[in-house]
Amino acid sequence: MLSIGFRASKVDTSLFILSDGTNIFYLLVYVDDILFTGSNSAILHHLIQLLSSKFKLRDLGVVHYFLGIEVQSTGMGLMLHQHKYILDILIRAGMTSCKPVDTPVSPSKVILLPNRSFSDPTQFCQIMGALQYLTFTRPNICFAVNRVCQFMHAPTDSHWAAVKRVLRYLKGTASYGFHIT
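Per the working numbering, the sequence shown starts with residue 1, numbered consecutively.
Keep in mind that the hints are not guaranteed to be accurate.
Said to hold, decoys possible - Under the rule of at most 20 Å between Cα atoms (straight-line distance), these lysine to aspartate or glutamate pairs were calculated in the EDC-like manner:
| hint | residue 1 | residue 2 |
| --- | --- | --- |
| 1 | Lys84 | Glu70 |
| 2 | Lys164 | Asp88 |
| 3 | Lys56 | Asp32 |
| 4 | Lys10 | Asp20 |
| 5 | Lys171 | Asp88 |
| 6 | Lys54 | Asp33 |
| 7 | Lys164 | Asp120 |
| 8 | Lys54 | Asp32 |
| 9 | Lys99 | Asp88 |
| 10 | Lys164 | Asp102 |
| 11 | Lys171 | Glu70 |
| 12 | Lys56 | Asp33 |
| 13 | Lys171 | Asp102 |
The set of hints was computed from the structure by calculation and includes no laboratory data. As the structure is a computational prediction, the values presented were derived from the model and not from experiment.
Work out the full structure, taking the sequences as your base and the hints as a guide.
In structure tokens, the structure reads:
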């Protein structure tokens, strides 16, 4: 990729960027999944042919789903969301029929209070890992998720209650996403 003009992103080691002043192209590589897009479809197709002459590639066309992120094309750009991923998290946590709440953090409860250790720290860590990945398309839960992550080494029942609050918020906002123009 570097030999045809791409440069490695300084922010993400799996992102490569090609820019010629008027056009820009992004190539995101994650293990054996590649997402390739750009501002000029003719040049994009040429670059795909060039890459396929060097690597075994299969063009799957317009992206609809990539690494758990659902992609919907709109008239003004792309909508990224993780509706299915959220439903999977709710299933794993046993909270598919929970009552939704309006905010991911309770304005009245403090999660620093010492209390009983949570009975299943493995489940706590698995759900927290899933929630951390979800913050890519849901920056509105970053504060709550990062706050609770501070207690992954020794989660308590109050920390699990905070996680359940985030899950209840997600239950009511599962269709929310991130719009890119």
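Against the structure, the hints come out as follows:
For the given pair, Lys84 sits about 8 Å from Glu70 by alpha-carbon distance, which is consistent with the 20 Å threshold. For the hint pairing Lys164 with Asp88, the CA-to-CA distance comes to about 14 Å; that is within 20 Å, so the pair holds. Annotation: proposed proximity of Lys56 to Asp32 holds, straight-line Cα distance about 11 Å (limit 20 Å). Pair hint Lys10 plus Asp20 holds up; C-alpha atoms about 18 Å apart against a cutoff of 20 Å.
Taking the CA atoms of Lys171 and Asp88, the gap is about 11 Å. The hint holds against a cut of 20 Å. A distance of roughly 16 Å separates the Cα atoms of Lys54 and Asp33; the hinted pair therefore holds under the 20 Å criterion. This hinted pair checks out: Lys164 and Asp120 have alpha carbons roughly 14 Å apart, not beyond 20 Å. Using a Cα cut-off of 20 Å, the hinted pair Lys54 and Asp32 holds, with the two alpha carbons roughly 15 Å apart.
Annotation: proposed proximity of Lys99 to Asp88 holds, straight-line Cα distance about 17 Å (limit 20 Å). The hinted pair formed by Lys164 and Asp102 meets the criterion: a straight-line CA distance of about 13 Å does not exceed 20 Å. Restraint check for Lys171 and Glu70: the C-alpha separation of about 17 Å stays at or below 20 Å, so the hint holds. Straight-line distance between C-alpha atoms of Lys56 and Asp33 comes to about 12 Å, which keeps the hinted pair within the 20 Å bound.
Distance check on the hinted pair: Lys171 and Asp102 sit about 10 Å apart at the alpha-carbon level, within 20 Å; holds.
In summary, this structure violates none of the numbered hints.
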